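Trainee: Chains as they are written, first to last, in our numbering: chain W, 1 to 557; chain U, 1 to 54; chain P, 1 to 155.
Be a bit skeptical, because a hint or two may be false.
Below, in silico cross-link-like pairs of lysine to aspartate or glutamate (DMTMM-like), each with a Cα-Cα straight-line distance of 25 Å or less [as the list claims (entries may be wrong)]:
hint	chain 1	residue 1	chain 2	residue 2
1	P	K8	U	E52
2	W	K555	P	D55
3	W	K337	U	E52
4	W	K555	P	E50
5	W	K555	P	E108
6	W	K22	W	E502
7	P	K8	W	E509
8	P	K155	W	D457
9	W	K511	U	E23
10	W	K168	U	E23
11	W	K326	U	E52
12	W	K336	U	E22
13	W	K168	W	E542
14	P	K60	P	E50
15	P	K8	W	E507
16	W	K325	W	D457
17	P	K155	P	D44
18	P	K65	U	E52
19	W	K325	U	E52
20	P	K8	W	D451
21	W	K325	U	E23
22	P	K47	W	E542
23	P	K82	W	D457
No lab work stands behind these hints, which were simulated from the structure alone.
All of these numbers come straight from a predicted model, not from anything done at the bench.
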Amino acid sequence: MVIARKEEIKISHAPIAPATAKLSLAYVWVAYVAFGLAALAGMLQGMVRGGIMELPSWTNYYQILTAHGVLMALIFTTFFIVGFIFSGVARTTGGALHGTALKLGWIGWILMVVGTAMAVVTILRNEASVLYTFYAPLKASPYFYIGAALLVVGSWIAGISVFTSYRKWRRENKGQMSPLFLFMAVTTYIMWIIATLPVAAEVLFQLIPWSLGLTPTINVMLSRTLFWFFGHPLVYFWLMPAYMAWYVCIPRIIGGHVFSDSLSRLAFILLLLFSIPVGFHHQLMEPGISAGWKMIHVTLTLIVVIPSLMTAFSMFAIFETSGRKKGGVGLFGWFKKLPWTDVRFFAPFVGMLFFIPGGAGGIINASNQINAVVHNTIWVTGHFHITVGAAVAMTFFGVSFWLVPALTGRTLTKTANRMAMVQTVFWAVGMFLMSLAMHTMGLQGAPRRTDYTTYMDHPLALGWMDYQRVMAFGGGLLFVSAILMILILLYLTFYAPKGNTEYPIGETETKQEVPRILERWPVWVGLVAFLIILAYGYPIMEQIQHQAPGSPPFKTW
Amino acid sequence: METQTNTPGQTKKSKQEKTQPEENLKGTFAAVLIVGGIILLSWFSVFGLFLERA
Amino acid sequence: MHLHRFEKIWLMLGAGGLALFIVLLCVNAFAMGMAPPSNMEMIDPEKVMETPPFDKPGLKQVGDKEFDAYMTAFAFGFSPTKMEVAVGSTVNFHVTSPDVIHGFQIPETNVNFMVLPGHISSATYTFDEPGEYLILCNEYCGAGHQVMATTIIVK
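Same shape as in the complex, but just chain W:
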C-alpha cells in the first residue's frame, strides 16, 4: 500500500507518465548513439581533409562521409524529433499518450531501428558509400534502400500516432483550439508525410527494383527530382521542431510568455505550404530542367523565408517583453536581463544566432543563377552546419538538458548545467571556426564532399590548405563537445539526483483569440496539394514522357 502510494505521488509530479517517458527516451537515446558515432566520423573527416591524418586502409573518406551524413542528418535528427514530439504531445494533452498512440509509437521505433541497423551495416560493409543523398546511378546494396524505406515508414507510424492523440484531444475538448505544441506537432507531421511520399516513390519504384537487378536502367533525372521534392522539406522537418522549442518552450524557460498564439500557428501553416514545392532550387545547376521552372521554384523558395522572418520577430519580442518585465530599460537593456547562465536558454539562443547567417546564406543558395558561385562548393557544407548543425542541433541539445531529466525523473544539477554551458561553448566555437573556413573556401571554389587533394599542386588548391586546417581544428572542438554531450546525457539518464524537472510549456499572457481557419486541415492540405501540382505537375510529367535514355547501375567506390 505504502509503496503504491509513493509510486502514485511520483507519477503525479512527473510531467510525463512513465510509459510515455520510456518511449520518448528510447527515441532520444537512439538519436544520441547515432550522434556520437556520427561525430566521430565527422571529426575524422575534418582531420583527413585538413591533411592532418590519413585513414587506415580498411576504410576510406567517402565511407565515413556517408556514415556521418546518414547518422547525423537522417538518424539523429529523425529519432530526436519523433521522441521530442511524443513527449511534448503527451505533456500538452494531459501527461500521457493513450494506449493506441503508445503502441504505434513503439511500432514506429522498431521499424526505424531496424531500418537504421540495415543502413548502418551496409555502410560498414562498404556496400553503400553513396552519401546520404544516394544519387543514382551510384548503386548501393538494396538493403541500404530498404533500410531507408523502413526509417521513413516508421516515422509515418509515429506521425499517425500523434494524429490519433490529436483526434482524441479534439473529441474530448470540443470547440476549443488545440494546445500550441500539439498544433505544431500535427503541422510538422502533415508536412513530413506529404514530403516523404516522393522519396518513398523513388526508393520503392526506382531504386529498389533497379538495385535488385529487376530493372536494367533508371531515370536519373526523375530520381533526382523526387529526391529533392523530399530533400528540401527534410530541412524544414529539422527546423520546425526547433521552432517548436523556440516558440513554446523558450518563453517559459526565460520566464516570459508566448508572443502570439495565432502568429505562431500561422508561421507553421506557411511552413507547411511553402517548404515543399521548392525542390528545384537544389537542382539549379543541372541540365534537363528549364530556366523558367527553376525560377518558379526560386520564387516559391523565397516566400518560405517569410515565416522565418516572423519567427525572428517573435523571438526578439519574447526576449524584449520578458527582459523589460525584469527591469531592462532602453533600446537593448532587456538583453542583459536574459538568463545567460541557464543552458536551457543559452544553447538554443546561440543556435538562433547561428541561424541569422544561416538564413542569409540559404537565401543566397536559392537565388537562381547566383547559386553558380556556391553550388557544390564547401560553402554549402558550411551553410548546413550552421543551420542544422548549429541552429537545430543546439536547440535539440538545449531541449535534451531538460527533456532527459524530465523523462527520467531526475534533475539538471548546477554542475551539470555548468558542464552543459562548457559543451555549448565548445560546440559554438568549433562550429564558428569550421563553418567560417568552409564559407570562405567555398567562395574560392573549393568543392564539398571531396577527400584530401591538392589537384596536382594547383596553386589555387594549395591556397585552401590553411582554411582546411582551421576546419579540422573546429572539427576537433566539435568532437570534444560531442563527447561532453554524451557524458552529460548519461549522467542525466542514470546518475543525476532524483527530483522534479519542469517540462517548460509557455502560454500567452492574455487569452488570445485564434482564427478557426488555422485548424481546418482540409483547407491547408488542399492548398499544399495545389502548390505541389503547380510546381511539380508539369515538370514531372515531362521528365517521365521525355526521359533521357536510362542509366545502368555503377559501384565506383
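Let chain W serve as the given structure and place chains U and P on it in line with the hints.
Mentor: Just chains U and P, lined up with the frame of chain W:
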C-alpha cells in the same frame, strides 16, 4: 479557463485587447532590422561576386 | 489576428526585400542572358563513346576566338585532358557523362554545373585573363573523386 467557451465573453476580451496600448518592442524592431541588414549585405556581396565573375 | 505595428513594417520590408531579389534575379537571368545552365539536350549514356561529337572529345574552333569544347566527364577524369586557348577566347563547354553523375566547375568563375548521364550540360565562358584554370569535379562520383580534375591553359 479551458472550459470557457461562451463566445460573448471572448469577444469582449478581444475588444479589450485591441484597445490596450501596444507593447514596447523598439528593441525587437531594431534587432530585426539588423538581421535584415545582414541578409541584404551578404546577398548583395555574393551577387556582386557573381557579376564580377561573369 | 493581431499584428504589432513594428511586425507589420518588418514583414513588409522583408517581403519587399525578397521581391527586390526576385526582380533582380529575373532581369539578370532573362533580360541579360545569365540564366543558370539549363540545356535540354539528351544522349544515351551507354553510347557516349560512339556518339559524335563526344566520340572525339576536344576543342573545335567555331569563330574568331570562339570554341566549342566537347568533353566527357567520367570516373575519374575529364576528356580531353589538355586544352589550350588564346587570351580573350570564348569557350562553349558541352559535357556529358558515360557513367555516374559528375560536377564541372572552374573555381573563381561562374562555370559550375552538374553533369548527368543522359543529358548534355552546357555553359559558356570568356577567358580574359591568362593562366592555368583548374577544372574539377564537384559532385561525389566514387573512390577517386578527389583526383578528378583537369586544366585549361589560357595564353
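Trainee: Each hint needs a verdict: does it hold in this structure or not?
Mentor: Evaluation of the provided hints:
no., hint, result
1, K8(P) x E52(U), "violated (36 Å)"
2, K555(W) x D55(P), "holds (24 Å)"
3, K337(W) x E52(U), "violated (45 Å)"
4, K555(W) x E50(P), "holds (23 Å)"
5, K555(W) x E108(P), "violated (31 Å)"
6, K22(W) x E502(W), "holds (17 Å)"
7, K8(P) x E509(W), "holds (21 Å)"
8, K155(P) x D457(W), "holds (20 Å)"
9, K511(W) x E23(U), "holds (16 Å)"
10, K168(W) x E23(U), "violated (37 Å)"
11, K326(W) x E52(U), "violated (50 Å)"
12, K336(W) x E22(U), "holds (23 Å)"
13, K168(W) x E542(W), "violated (43 Å)"
14, K60(P) x E50(P), "holds (18 Å)"
15, K8(P) x E507(W), "holds (23 Å)"
16, K325(W) x D457(W), "violated (60 Å)"
17, K155(P) x D44(P), "violated (35 Å)"
18, K65(P) x E52(U), "holds (22 Å)"
19, K325(W) x E52(U), "violated (50 Å)"
20, K8(P) x D451(W), "violated (48 Å)"
21, K325(W) x E23(U), "holds (11 Å)"
22, K47(P) x E542(W), "holds (23 Å)"
23, K82(P) x D457(W), "holds (17 Å)"
Hints 1, 3, 5, 10, 11, 13, 16, 17, 19 and 20, counting from the list given before, are not met by this structure.
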